[in-house]
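J.: Chains as they are written, first to last, in the numbering used here: chain D, 1 to 491; chain W, 1 to 491.
Misleading hints may appear alongside valid ones.
It does not matter which identical chain is used: a pair holds within one copy or between any two.
Stated by the list, open to error - Cross-link-like lysine-lysine pairs, in silico, DSSO-like; alpha carbons within 30 angstroms at most:
no., residue 1, residue 2
1, K169, K103
2, K208, K169
3, K32, K244
4, K363, K216
5, K103, K233
6, K103, K30
To be clear, the hints were calculated from the coordinates, so they are not data collected in a lab. Source: prediction; values computed, not measured.
The residues making up each chain are set out below.
Number of protein chains: 2
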Amino acid sequence: MSSVLTVEVVVIGAGVAGLKTAHDLLNDPKSKLSSSQVIVLEAQDRIGGRIKTDCTSSKLGYSYDLGAAWFHDTLSNEVLKEAIEDNDISLFNVEEDTYYDDKDAQLYAPEHEGPLDVVGLKLNRVNEDLEKFIELYFVESLSIPDLSLQDVSERFFIQYDRLLTEDQKFYCRRIIRHYELWYGITWDKISGKYSIMDHNGRNLLNKKGYQFLIEKLQRGIPNDRILTNHAVKKIDRTNKVNGKKVAIETTNGQSIYCNYVVVTVPQSILQLKESDAHGIQWVPPLPPNVTSALESIHFGALGKVIFEFDNVWWDPNEDRFDILADETIGIVPFEHLKSLPVPFSYPAFIINFASIHKDNNPKGSSLCIFTQSPLTDYLESHKNEAWTYFKPMLAKLARSGQKVSDPINVITSDWTQNPYVRGSYSALYTNDDPSELIIQLSGEFDGCGILDKNIRFAGEHTISDGAGCVHGAFASGKREAAWIIENIHST
Amino acid sequence: MSSVLTVEVVVIGAGVAGLKTAHDLLNDPKSKLSSSQVIVLEAQDRIGGRIKTDCTSSKLGYSYDLGAAWFHDTLSNEVLKEAIEDNDISLFNVEEDTYYDDKDAQLYAPEHEGPLDVVGLKLNRVNEDLEKFIELYFVESLSIPDLSLQDVSERFFIQYDRLLTEDQKFYCRRIIRHYELWYGITWDKISGKYSIMDHNGRNLLNKKGYQFLIEKLQRGIPNDRILTNHAVKKIDRTNKVNGKKVAIETTNGQSIYCNYVVVTVPQSILQLKESDAHGIQWVPPLPPNVTSALESIHFGALGKVIFEFDNVWWDPNEDRFDILADETIGIVPFEHLKSLPVPFSYPAFIINFASIHKDNNPKGSSLCIFTQSPLTDYLESHKNEAWTYFKPMLAKLARSGQKVSDPINVITSDWTQNPYVRGSYSALYTNDDPSELIIQLSGEFDGCGILDKNIRFAGEHTISDGAGCVHGAFASGKREAAWIIENIHST
């Protein structure tokens, strides 16, 4: 392929958002674009972005989604709805390839033997009340200053002290930290104001792996229209040559000229300065409304550590385990996590593959532990220390008479170590604003974003419904393809 | 007392709303009214309205609230907040006189021995999804026609058929009927559109009884300012005599002249025609906007049946039991319930006094069963048939090796039989409108209600926050007292 390419549309990034954009541009009956007019540039040597189904690392024959793993908001999830309607069981069998892994979680505390009596102590009731309290606290007035999840929670325990038991206060103070395993950051950082979310339905685990969606989208895009190992280093919208409005350069020397660009790189990449490694140079620079919006939100680092065992020494009938942190340890700030923290420093959330695959279990099984930043960053770069950290915590799960065995295999995600991803997804720190970036990048608000409307954005960080999720990224790609098709028609 | 009275303010009804109005008129430091200027007219021979703490019927020494029994919305409940702040433990001891009776309910089905495995079958997860589905179904567009709770639920089970197990479909179709024991009407009548409610916090059972609140309010009102057995039959706002704008007549021949009236009679009484027994004659008649709003909402009949036993043959550690209906029986329409229905015709919700009083239990204990219309109407007028109906249902609760014994005492509510109450509280039938009556009666919307602004309304049916609840009635009384104090100041 020549080092100069001329097309109509360049899609930057071959994750769900980018692939969905290209797919629709090439398959929507209303589109006039031929495949030669669309190109997808992908920085990495693989496509899929933050969807990464690992089918080869397991010694048990499992496949693991190291990135996105659930269908969220299943009452309004377009990706799930299409999978049901497609009814293409060779690609994805909705009945067999999914599992609602949402049986009430077993809860363990460092100072307590065996699971806590969550029902008897009414810990879920108190936690529901705490969450409602937080919601109401910030609803009171729009001008109430944000507080961290940790600080706003403490106000509840002070105010309702007389109506709660000692056990409820002791445990529920820490149970609320389960949000760390949603946002990928610790509760001293999580925005209390935006911590409690409403969901459109249950979460449905994708047992087979999200790779099916990448394959499905890829089927609508000729192979030669996706260029991997093509990291964009410059987007010049002052271009005057080749009859195109925009010139794009990649780090491997490719120049591409086009009229439309759909930028689907992660928020974490947009947040890099042009001088940073892997930063993108914008000509002219991104306007202040966009750069300021990029400063109003953070990026989390939800990670996964999977231990495979040759025997199941924990309860194979439970979907999930929550292990509370030892709150006396306190939170080790990010910059100080230079060595392995002591076990129980952070709460852990664990999904149980023995339950997920209970109808079809090999001899052993595995536990998949979710981690938050800064633990994610540490373990993703020190994989061989993961078992040392988690062994005393997982020992809580051992059934009576069962001995914890060492894993036969350790698999971890590597998102923080991947220079093209740098974490998991958008996360709201205290005082962050969840809507500003979406307003600037969704293309749906006049006078916002880049005023050259031929520069578009897609991805989980550019959309409100499904923010941070596969179906959000998917919908944002659909949105941009539709906009370009409509815009080409009308020009 | 003379048969002609002249005052400034007449409060009609000595329930929470009326007593709170009178209390604030006489105790608010901003009020200029002396006690001789305020009178409360109560139709019944007792005060309290739909608060009725029965301290005498029990053979076990318990007190039972036959009307309102919980603090609802406890994160924003003004009555509870005041009780905490008062800290007057001789009147009400918040720590000892309340109990969060919200441990996960044990669930029983007619065709199943012992409690259902709610956790293992994930029935609560499916029910949460169903409730969210209903919410989203009607949020889709404001113009979507209402459906009964029964009909909208069925749409969920059709749409998500492939993702649910047979057990989940079988049981969850009936679990959603628990709303019958909230609204006091059956699910074929309940408005689907307004069935799913958001609450500001847990429900806290008032163990001691709500009588404390009546006593508290009563302390601020001289005894002679409340006239019981004074049922109002006429409100004439064309009055020209005695220098007052309004003349009121009671069925026992009392005439009262005043400038302000606060009407706190139940919605069910306002809905009576002037020609009906216990109806109120309005001169001039209520305007069409008010009468039409009164036709846009119904009145439910939540009832209670309490069985006392001299031994505890059920589990004393469970707070609540839910017994599902046998759906093959179908729903017996109201007009046909001329004889006792077969057991399991309606779902039952039961609170367990053995658990509520577990630290201080007499030899036996009691179960309090909630009933919905039309069962409430039937059992409140055929109290001696209650055990025949419930015995086979309660037998589900017997612990292994324990024999169900006959009750030593049966206590029922009598709200449907009380001509001054006629049921429990506002209930939304399919196609009803929850806001119209509040708009007309709350006094907060210009051009609504009665244009003579000196005629005010209060009660659970006149307020949005706390509708149907004690704290709503309380807040509505507070609202009207504040309005009158302000209005008198400014005239």
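J.: What label fits K103 with K233 when the C-alpha limit is 30 angstroms: within, between, both, or neither?
T.: Answer is neither; intra-copy 46 angstroms and inter-copy 58 angstroms both fail.
J.: Reference check for the pair K363 and K216, CA-CA at most 30 angstroms: within, between, both, or neither?
T.: neither (32 angstroms within a copy, 68 angstroms between copies)
J.: Is it within a copy, between copies, both, or neither that the alpha carbon of K208 lies no farther than 30 angstroms from that of K169?
T.: Cα proximity of K208 and K169: across copies only (25 angstroms, versus 40 angstroms in one copy).
J.: Pop the pair K169 and K103 into one bin, within, between, both or neither, using alpha-carbon distances up to 30 angstroms.
T.: both (24 angstroms within a copy, 17 angstroms between copies)
J.: Between the shortest in-copy and the shortest cross-copy C-alpha distance, which are at most 30 angstroms for K103 and K30: within, between, both, or neither?
T.: The answer is neither: 44 angstroms in one copy and 56 angstroms across copies each exceed 30 angstroms.
J.: Please sort K32 with K244 into within, between, both or neither, judging by C-alpha distance up to 30 angstroms.
T.: within (18 angstroms within a copy, 80 angstroms between copies)
Hint check: violations occur at hints 4, 5 and 6; the rest are consistent with the structure.
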